[in-house]
Amino acid sequence: MKTRFKKYTIFALIFVLSIVQIGCGGSGQTSEEEINSFTVGSSAAFDTMNPLSSYMQATYEFFMLIYDPLVKYDENYEPIPGLAKDWDTSEDELTWTFNLQEGVKWHDGEPFTSDDVKYTYELMMDTGLGYMYSSYLTGITDIQCPDENTVVISTDFPKANMLMNSTPILPEHILSEIPDEELEIWANENPVGTGVYKFDSQGDNFVKVVVNEDYFGDIPEVDEYIFVSYDNIDSMAQSLMLGEIDGANNLNTAQYNQLMDDENVSVISGEEKGFMQVGVNCWTADESGGNPLLKEKGIRQAIELAINKQKIVDMAYNGHGTVGTTLINPGDYFHYEPTEAELRSYSIDKANDLLDSTGYVDSNGDGVRESSEGEPLEFELITIADNLEEVKSGQMIAADLAEVGIKVNNVTMDSGALYDQIIGGTYDMFIWGWGSDVDPTVITGVLTTDQIGGNNEPFFSNERYDELFLLQQQELDEEARREMVWEMQQIAYEEAPYIIIIYANNIQAIRSDRWTGFKQIPETGTYFFNLTDYNYLNIKPVE
Amino acid sequence: MKWILRIKKMKEFGKAVAKNKMALTGAVILGVFILVAIFGPILVPFSTMEFGAVEDMLQPPSGKYLLGTDDMGRDILANLIHGARISLLIGAVATLISMFIGTLVGILAGYFGKGLDNVLMRFTDFFLVIPWLPLMMVLAAILGTSLWNIIFVIGITGWAGTARVVRAQTMSIKERQFVERTVSIGAGNLHIMLRHILPNVFPLVFANTVLVAAVAIVSETTLSFLGLGDPTMASWGMMLHYAFEGGATAAGAYWYYLPPGICVVLVVLSFTLLGYAFDEILNPKLRGR
Amino acid sequence: MTRKIIARKLLYALLTILVVLVFNYILFRVLPGNPLSMMMRNPRATPETIAAVKEFYGLDQPWYLQFFTYFKNLIHGDLGISFVYKAPVAEVVAKKILPTVLMVGLAEIVAIVVGIFLGIIAAWKRGTKLDVATLSFSLVTYSVPTFWLGMILVVLFSVQMRLFPTSGMFTPGKNFITTFAMLKDLFRHLALPVLTMSLVLIGQYALTMRNTLIDVLSEDYITTARAKGFRERYILKKHALPNAMLPMITIIAINIGFVVAGAIQVETIFSWPGLGRLMYEALRARDYPLLQGVFLLVTLSVVLANVLADITYSYIDPRVKN
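Chains as they are written, first to last, in this note's numbering: chain A, 48 to 590; chain B, 49 to 337; chain C, 316 to 637.
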């Protein structure tokens, strides 16, 4: 009996020890000192620690802290020094000289030099890796390093977005060790950057960074940030209320209302760059698998007229957002507001008139309009199954369009399956969103002919649009550039490959009983996930 | 003559059910839900394609809406009634598929024995031990989310238990003399299986049905909840999916997340009660003193 | 039991495993969509990169070669490389076993102890209000969908009372100064998943225990023992219970298959970092190799548990030997 007991104790001991091991999976740090630790919860998942192949916004958030670009944004999206302490451009605006900060060290102690900048940029330009960043590198023809602290970049046209280039500078001494063909699938288990925070540890659903005491700039007050991804937003909200986490991103409306009553929490519904759109298959080629009727601009416009966007904003998004029109958000310097004549606001009458005049009538009395050849206006609308707002929007759109004699069949699938349909051009319509950034290049670039088979989901092609896209990249005069970007948005709105439904807000919250010093960026924007590190550097514990 | 005997047996069985309190409770609950599923949608017009007004969103129960409204301003009671039809339809058809496959495999294996039996039983073993939810999830993901796919997935995964029981019963019936006698007369296999074996395994199949039906209803709810249901069909599982995804728990909208769950529990409970009672009736030791 | 029977049982188990393997392989080849595009949502990927990645994951071979490779690798314990984690599947899966075993194991222990206890009371006090109450409780919990019960418990204990956290195994990223602090954190996180899981299991155990016990209590030898004038408690303890435990063992073993299903729901709701959630995630991300790996592990463990139960059962139960 006694030996038996011993056996069980040993088993129990092993069990407990193995759990202890899991628990200490991180740094195993056991300092008694009080540390300022801030945990950010987000419903978005992280993909990979490799900046060359990552495409999830959630991951960019801590890349921003671990790695530095040459130039960063301040809270007003104005360029401020990053690894470059200052910069200058030549008379003809084709050559840029960046003077780098001195004495900067990588987190592993190796010195940072201008060669790292050259290496990173060239790597991305040569391989096309670093998907989110590489579009900022177009136009660069040559990179020179006259000395350790100077980088000279030549371009073949005046590059309008040179100072909006947030490409993280990566360590040459580490990346050059990796064979080229493995760069994309490289795990980067222990990221080494120059940033104000160092990578510390990574768990099943979190990434932890700790402050870099050797940083060349100011040292922030928060000692460590922990980024946690939740797969259930209710759990995230509950963790926030229990005090397990300090900030939360992507909350929903029910939680917004509940958190408004919680005096420990500061909750906001912040405007965010990006939109949710109905993408319409406009592919004119024979191999297009979409309904050919959608190639007609009139039908796309009629669809837009018949959608009650305000009701979608109110019901599917509970009022957290504004009705959408053009590619760039209102409030942005580059936003184009359609004129009264151009605007297609919700009107069943106008939609009916447009359809009547283009010859689509319900000739057999089944409630669905047909073309003169008897082809019914019946389309499939794909939504991503786990995005509740979009699924709801899709159902509301189907109900709206039924009013004007257009039949919509709602189909849901996962994002991967939808992506396959988009790439293959086999869909009729889908609902998805785009997040955008400060410079208009990436978001307007989506609809260029070059991007067909890539980001150009609707297979949209317009010569004037493509021409303007190239011109605006080369225009350093802000107002002249804006004119061009405006015209592009005007074309995109008129042609309606994307029916932009809503500029949705992002609901975020911070434990204001513990933290202070944070603010919305810009004034009506968000706390986190807004392309700046302002709040991360300025949050302070409440005394 | 045979038929009269069978009807007599059925009557006896019916009487036993009526005497058994659990069976009676189960039968009554199930009966009510079946009536609601059949006649409810005729009496209460409702479409998930229609959305309520903005001011009707997520309203608590009131005189206008007895069970309140959901986050799209729709009447929850009406949704529940229409959901009954969809949930019970999925349960019923999936159960039928299961029963059909199970009976077929069971009779074939039991009747022919030997090699066929071995092959079929290994196959049955596989379906018996394979964890049902992962299998269903994978199948649902492959086939896509539509009502008939869900029915098919549930039906195709739930038959193994029935096959086992039917096989055993078939083997024992086959041993009985009357089958041997018919074989010597020269009756075909199909004839024997249809005329002699099937009628005799039928009561057993029937008793098994309630158990399979309970699992089918729970399966539908679970698959829908996990996001693998048909989003255009407002089954109870889909209602719960939307309720939780939309944050009904955080919003304290008990009128939204409780009723569909309670309905599922009641229907499954009624099947469980019936199954439990059948067990008691068939196993005399469990009968009351 | 003769060796022959054991050998036959093992052979059957092996056959089932073989069916599982083939089935597993076929199933995951017909999943919709191209895994490549899911893996690298990268419009800018060059054809060379795509080819390299395809080769890396063995997707460039014809299906029959992939099938052959699959078996060859399996024998070496190589389950392929996860698309999402970009790490060997065996490694990813191995990390998730302990959390699931811990959560499910605890829930099983709680459920077995409470279930048996309730079953005994119900059978012993048969026909009384206590019996009816136990029976009703068991039947209701047996009928409740696991995920719904979990959500109700979340509303009660987290939203209303703010007692327990609702996700994860530990507070993420926290540094624990003492082992005790860590265990406390662990148990706080364990509370709701274990409660949900065990509540779902208790009903079935209580029902089975009650019925077998009633069955046993009406056996002749019990009547004989009663006639001999043994005290009821003694009869229950020495005669009835040991015999009633046999069916319980089978039920518990068979239940392992069900527990997996329950674990998927509980782990999904409570974001518990175990096999169930891993499987759900792998399914959503269409991470075939990972999904295949978890599915294989889960099915194999259930098959093996059943064989073990079968063999144990035949050793304990004298009737099976004859």
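Bear in mind the hints are in silico, worked out from the structure with no lab data behind them. The structure displayed is predicted, hence computed values, not measured ones. Heads up, some of the hints might be wrong.
[Claimed, not checked] Where chain B lies over chain C, by a calculated footprint (3+ residues, C-beta under 8 Å): (1) 328-339; (2) 376-382; (3) 386-392; (4) 403-415; (5) 553-566; (6) 583-597.
Using N, Cα and C, we set each Cβ at its ideal position, and we do this for glycine too.
Are there at least three residues in the segment 583-597 of chain C whose beta carbon sits under 8 Å from a beta carbon of chain B? holds (count 3)
Taking a Cβ-Cβ distance under 8 Å as contact, does the segment 376-382 of chain C have three or more residues in contact with chain B? violated (count 0)
Given coverage of the segment 553-566 of chain C by chain B, checked by CB-CB distance under 8 Å (3 or more): With 0 residues closer than 8 Å to chain B, the segment 553-566 of chain C misses the three-residue bar; violated.
Stated coverage of the segment 386-392 of chain C by chain B [criterion: 3+ residues, CB within 8 Å]: violated (count 0)
At a Cβ distance under 8 Å, does chain B reach at least three residues of the segment 328-339 of chain C? holds (count 5)
Within the assertion that chain B covers the segment 403-415 of chain C, do at least three residues meet a Cβ-to-Cβ distance smaller than 8 Å? violated (count 0)
In this structure, the hints that do not hold are numbers 2, 3, 4, 5, in rising order.
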